[in-house]
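Protein chains: 2
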Amino acid sequence: MSKLKNDTLIRALLREPTPYTPIWLMRQAGRYLPEYNQARARAGSFLALCKNPDLATEVTLQPLARYPLDAAIVFSDILTIPDAMGLGLYFADGEGPKFERPLRAEWEIRDLTAPDPTAHLRYVLDTVSQVRRALAGSVPLIGFAGSPFTLACYMIEGQGSSDFATVKNMLYQRPDLLHHILSVNAVAVTAYLNAQIEAGAQAVMVFDTWGGMLSHAAFHEFSLSYTARVIAGLKREHEGARVPNIVFTKGGGGWLESIAATGCDAVGLDWTVDIGEARARIGARAALQGNLDPAVLLSSPAAIQREAGAILERYGLGNGHVFNLGHGISQLTPPENVSALIETVRGLSGSYH
Amino acid sequence: MSKLKNDTLIRALLREPTPYTPIWLMRQAGRYLPEYNQARARAGSFLALCKNPDLATEVTLQPLARYPLDAAIVFSDILTIPDAMGLGLYFADGEGPKFERPLRAEWEIRDLTAPDPTAHLRYVLDTVSQVRRALAGSVPLIGFAGSPFTLACYMIEGQGSSDFATVKNMLYQRPDLLHHILSVNAVAVTAYLNAQIEAGAQAVMVFDTWGGMLSHAAFHEFSLSYTARVIAGLKREHEGARVPNIVFTKGGGGWLESIAATGCDAVGLDWTVDIGEARARIGARAALQGNLDPAVLLSSPAAIQREAGAILERYGLGNGHVFNLGHGISQLTPPENVSALIETVRGLSGSYH
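Protein chains in written order, with the working numbering: chain V, 1 to 353; chain E, 1 to 353.
Treat the hints as calculated values from the structure; they're not laboratory data. Honestly, I wouldn't trust all of these hints.
Label-pair distances were calculated between CB atoms; the ranges are [stated by the list, open to error]: (1) E:R236 x V:R31: 50 to 56 Å; (2) E:G309 x V:R110: 29 to 35 Å; (3) E:P175 x V:W107: 54 to 60 Å; (4) E:G309 x V:A261: 25 to 31 Å.
Examples of chain E residues toward chain V, derived with CB under 10 Å [what the hints assert, rightly or not]: (5) V167; (6) L171; (7) M213; (8) L214; (9) G253; (10) E277; (11) A280.
Covered by chain E, per the in silico footprint, the following chain V stretches (three or more residues, Cβ under 8 Å) [to be verified]: (12) 203-217; (13) 268-281.
Since this is a predicted model, take the numbers as computed values, not measurements. Heads up, the beta-carbon is just placed ideally off N, CA and C, and yes, glycines get one too.
All chains should be built: construct the whole structure from the sequences, respecting the hints.
This is the structure in structure tokens:
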């Protein structure tokens, strides 16, 4: 595989010197781009797009054709693992993800096994390989997975929820069952991310979308401890190159120290945290990724410059910062505002390095 | 007015010694109680119930007839102020609150004025007086209002939202307009809470339901600074009795120090914060109220005992804790689980005092 021409992201995640602050955007290949919507229409559905390596490669590369981003992230969904476990992922029109066969009976939970990614998630690994070849070393490719707890939320609830009452009911009444699911998920996520690394992913990220709705104690017991198992099991090097990892818990601003203590290379921040305070709390234990409010991208170039500039200033001098949003980009984002953001970060960040 | 027989809540909010940890529950008069649903059916609608002092008094007292709670909270809605401003509050069937005339044009925003609570919110003040008389000093009565920012969210968006994109767009593009709305709201909330105190409320609470969706900087500029104006303008004493106040920001766990720095008597905690850590951070600057995950009340008496006991233990020895949920009680809560919670807190908390 070709050597990286732009390794700014990798170096920033490893807290090594970089000439500027690298930037990529969560969900950067997505519905705010007209070319994405065309590809999705051709695929027929979001899930068909995910499962077709040619089309998934095409949409992964779309934002890089438009913008000078410092990374690609493989186009996929966090719920590919439970789908590969046989739960039957589908997307009803205009709604979020659902499962045909959510975990209900105790025997279904006891029967759960981690899928072999090289067999059941081949399409993701094929996409990773194809994107990696297409990038030809221009920028690194990020692989990702949902956290064991976030996967469990959908596997138990069967769909998204405002309060995940079914999940919480299991957590408080049958913690043994939830722990069993989480143990299987941790094995599955670890194997899946390692397979993505072997297929060509040069950094990996764990998305803990729902850990932030837990109590302090429950977050540590049911979410973070399993994310920590994943981090402990990840390959840190592949073909002579370091492969850094990132853990992002939305709503996890109160727990940055314990997230960093998993040994991850970088901690993702949502937009509610002051990145300067986060840096002071984390110290040299991890790099930080974030943390612009995605709503800023719906406003104006002037506001984008002001808000992005404030984040760079709050982080301050030195390395270890990857600029990103605090959550996925909104589908309502005008594409030209993404240009304004990248220009701002590229233009202003050099003086901090 | 009669002197308080049970002043445990007031004393705990003022960090004075109490024989046990007082308890009340956010939204304790609500849909989980069959007698509430009957009263609401008689009223015809939620809003008709709020606006009828006789019925509002009846439902305020319902949970106190069932449970040995340490406080009543006046039955009302956080959106009574914008309704009194002429925005036309209504509730569509099975949906959240909406306004017929949300703030859209700049002239509408410039025309906004704080309503005189003794004229336009008379029904709330009448309810406060009636409840106070009916309680006859058994337990204190809490008055409340939405925070200036939370009111603005609904006034601008016209209804609830998952991201309040319209509000954030104004925040980033026209901060001058948002500041104007918030200034008017701060005056209105202060006058409204002071009128509730004069009508008989013995403690008051500010609900900042949506401040937690803001960035760190925006929270301080657009939410907390206006809540601080309210706190600074509140009567602290009425008819010789101290009237403590409470500020609750859902998702505000990262900002407890600055919330306490408003000078409020107590800080409300959602369930994501460890109450022991919160106490260490806040020190002697404020009492704490919270912080059981409302989902625990959907489980079993055994889980309730374990989780409520853990909160009492984490808070530890000493005064200044008011037990509560970390958010409003779920309508799916079995009423007998509320009994289990109150018994647990009453039974276990004495040993910490």
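How the hints compare with the structure:
no., hint, result
1, E:R236 x V:R31: 50 to 56 Å, "holds (52 Å)"
2, E:G309 x V:R110: 29 to 35 Å, "holds (30 Å)"
3, E:P175 x V:W107: 54 to 60 Å, "holds (57 Å)"
4, E:G309 x V:A261: 25 to 31 Å, "holds (27 Å)"
5, V167, "holds (9 Å)"
6, L171, "holds (8 Å)"
7, M213, "holds (8 Å)"
8, L214, "holds (7 Å)"
9, G253, "holds (5 Å)"
10, E277, "holds (8 Å)"
11, A280, "violated (13 Å)"
12, 203-217, "holds (count 6)"
13, 268-281, "holds (count 5)"
The structure fails hint 11 only (numbered hints given earlier).
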